[in-house]
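These protein sequence lines are chains X and P, in that order.
Residue numbering for the first sequence follows the working numbering, starting at 1 and increasing by one per position.
Residue numbering for the second sequence follows the working numbering, starting at 306 and increasing by one per position.
Please note: incorrect hints may appear among the correct ones.
[Said to hold, decoys possible] Chain X is faced by these chain P residues, among others (derived, beta-carbon under 10 Å):
1. Q508
2. G509
3. V550
[Unchecked claim] Calculated lysine-lysine pairs in the BS3-like style (CA-CA distance at most 27 Å, straight line):
4. X:K153 - X:K137
5. P:K409 - X:K201
6. X:K186 - P:K409
[What the hints assert, rightly or not] If you want the footprint, here are the derived chain X segments under chain P, 3+ residues with CB under 8 Å:
7. 71-83
8. 97-111
9. 162-170
No lab work stands behind these hints, which were simulated from the structure alone.
Quick reminder that beta carbons are idealized off the backbone N, C-alpha and C, glycines included.
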Amino acid sequence: MKSILLKLFIMLCISSVGFAADQAITKKVLISQVIEHPALDATTRGIIDGLAKKGYKRDVNLDLRIESAQGNASLAAQIANKFAMQEPDVVVGVGTLAAQSFGKYTANDKVKLVFASVTDPSKISIKNTTGMSNFVKLEPQLQLFKKLQPNLKRLGILYNPGEGNSVAIVRQLETICPQFNIVLVKQAVPKTSEVPQAAKKLAADCDAIFISNDNTMLSAMQSIVKAANAKRIPLYVSDTAAVADGAVAALGPDQYSIGVEAGMMIAKVLDGQDITTIPIKFPSKTDICINGTAAQLSGIKVDKS
Amino acid sequence: MSIAELLFSLELGMIFGIVAIGIYLTFRVINFSDLTCDGSFVLGAAVSSILLKSGYNPFLALFAAVFAGVIAGLCTGILNIYFKVTAILSGILIGFMLYSINLKVMQGVPNLTLINETTIFSGYNPLVILAMVSLVVWFIMSYFLVTNFGLALRSTGQNSLLSTTNGVKIEYMTMTGLALGNACIALGGALFSQHQGFVDISQGIGTIITGLAAVMLGEKLLPFRSPWIMIAACFLGSFLYRILVSYALHSEVLGLSTQDLNLITGALIVFVMIIPTRKIQTC
Numbered sequence: 001m002k003s004i005l006l007k008l009f010i011m012l013c014i015s016s017v018g019f020a021a022d023q024a025i026t027k028k029v030l031i032s033q034v035i036e037h038p039a040l041d042a043t044t045r046g047i048i049d050g051l052a053k054k055g056y057k058r059d060v061n062l063d064l065r066i067e068s069a070q071g072n073a074s075l076a077a078q079i080a081n082k083f084a085m086q087e088p089d090v091v092v093g094v095g096t097l098a099a100q101s102f103g104k105y106t107a108n109d110k111v112k113l114v115f116a117s118v119t120d121p122s123k124i125s126i127k128n129t130t131g132m133s134n135f136v137k138l139e140p141q142l143q144l145f146k147k148l149q150p151n152l153k154r155l156g157i158l159y160n161p162g163e164g165n166s167v168a169i170v171r172q173l174e175t176i177c178p179q180f181n182i183v184l185v186k187q188a189v190p191k192t193s194e195v196p197q198a199a200k201k202l203a204a205d206c207d208a209i210f211i212s213n214d215n216t217m218l219s220a221m222q223s224i225v226k227a228a229n230a231k232r233i234p235l236y237v238s239d240t241a242a243v244a245d246g247a248v249a250a251l252g253p254d255q256y257s258i259g260v261e262a263g264m265m266i267a268k269v270l271d272g273q274d275i276t277t278i279p280i281k282f283p284s285k286t287d288i289c290i291n292g293t294a295a296q297l298s299g300i301k302v303d304k305s
Numbered sequence: 306m307s308i309a310e311l312l313f314s315l316e317l318g319m320i321f322g323i324v325a326i327g328i329y330l331t332f333r334v335i336n337f338s339d340l341t342c343d344g345s346f347v348l349g350a351a352v353s354s355i356l357l358k359s360g361y362n363p364f365l366a367l368f369a370a371v372f373a374g375v376i377a378g379l380c381t382g383i384l385n386i387y388f389k390v391t392a393i394l395s396g397i398l399i400g401f402m403l404y405s406i407n408l409k410v411m412q413g414v415p416n417l418t419l420i421n422e423t424t425i426f427s428g429y430n431p432l433v434i435l436a437m438v439s440l441v442v443w444f445i446m447s448y449f450l451v452t453n454f455g456l457a458l459r460s461t462g463q464n465s466l467l468s469t470t471n472g473v474k475i476e477y478m479t480m481t482g483l484a485l486g487n488a489c490i491a492l493g494g495a496l497f498s499q500h501q502g503f504v505d506i507s508q509g510i511g512t513i514i515t516g517l518a519a520v521m522l523g524e525k526l527l528p529f530r531s532p533w534i535m536i537a538a539c540f541l542g543s544f545l546y547r548i549l550v551s552y553a554l555h556s557e558v559l560g561l562s563t564q565d566l567n568l569i570t571g572a573l574i575v576f577v578m579i580i581p582t583r584k585i586q587t588c
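Could you build the full structure based on these sequences and the hints that come with them?
Quick look at the structure:
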């Protein structure tokens, strides 16, 4: 009896292996996301949809898994190690920290990395790596602000000094702003809970507030909208998706379309293209997005041009 | 779970084992609930990274990190002893202030890469290097705790009244314990950043949880009072913690997803904690 059961069990095992082989899952893509956050979640959704557009459908012919490091660096390291051992076709790092944790494995030719939502790609090792930055050129954005608000003199920026992405942007803004005759008023806020106070202080001191893809600030959007509305000054963002939340205008991509483009890059690698021939890309398609009601509230006239 | 993942857990286990020793020194040896660690972990990483970036020897960078940890610990001690701030609050305050200090040390950049720098791991197997560093730390710390001075240090945490009557200066002992503890944590941070090839300002989040869990797991597995074994238990507990995290990362077969990870890791730790063991043996 026992041996029959054993045989049955073995047969079951073999048959289940057979079934697994029947399915045409050919490629394996593993995504490590630095933290759960609306903007980054949108990027990851975009990656999945981008892959699907190129014919790699999740659970159909693509084995795709997502892990979140929950903002924890040592967890990101363990996830990267686990992924590297599973012999994936491509690993994806969403966010700087997640992408960096693959650095050791790309250097040993163990994995191929495609990153997304990294503002400063120089932070990531170049070997076996390509990806999609979320850096939006700052000059056109400032031009747009000037157009909407010709008397813009003092531009306030709220950012988290703990976010590499934001610090890089603030440093660039510091050099560019004088060309536009704009004084940059910086306000660092390390935590979402401190945003209301800082936003209120900043709103009293400048003609407009700008948030550039700062995850902390985007999480506390409503506090900033409130502060800006109270002083009747406009709030500008770089993520077009944030305009619906009460910002006046944005010139940029949304995080979702950055994900879609990254997904298409991953598909290229899956198709067999050499990863070294795929250059790191910056968002090409930028849209102007304007929120009429928010503009009226802050006294900005919008003409169609 | 593959062998490679097990070995990686061992590597991370050794790094965080050194952190656990730091936690053990403050929470257990001198009985001081020190929450400076989230800050001092990053401080060590920041100091070591910035020195590496300026071209200094990676071992020198480790020593500098240790020194920075000592200063952080002393600050907490000074707040507690001379300004009578409660233990928990002084730790939290220094840890909180260290966030800004760390940003200053990293020259305002919250994330530094060490891809092109020579670290203590370049060209060697990280497992071997970490084993050597861990052995050295284990020997120094254990030996220190069995000296007369170490005995006095341990006595302050066990029974401060008794040690005062025997002429032990509690203030100095608390300062020493805090300095040594945070030195270990900063060393762990420096090793982690060199191992991973980058330092991030948010790296210290959860250091206290990881460290305390490792200490408790170690105490559970090796219930002895000898410092030699207690320090080794920190490494063992930390290794076990990393294996549990590794297991939790494989929980997708159970239909669980990433946001359940903390829950699973926590549940596994609780499970290990409630396994009955024998009473503490004196030896």
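Okay, the hints, checked on the actual structure:
no., hint, in the structure
1, Q508, "holds (4 Å)"
2, G509, "holds (9 Å)"
3, V550, "holds (6 Å)"
4, X:K153 - X:K137, "holds (20 Å)"
5, P:K409 - X:K201, "holds (24 Å)"
6, X:K186 - P:K409, "holds (17 Å)"
7, 71-83, "holds (count 10)"
8, 97-111, "holds (count 6)"
9, 162-170, "holds (count 4)"
The structure agrees with every numbered hint stated previously.
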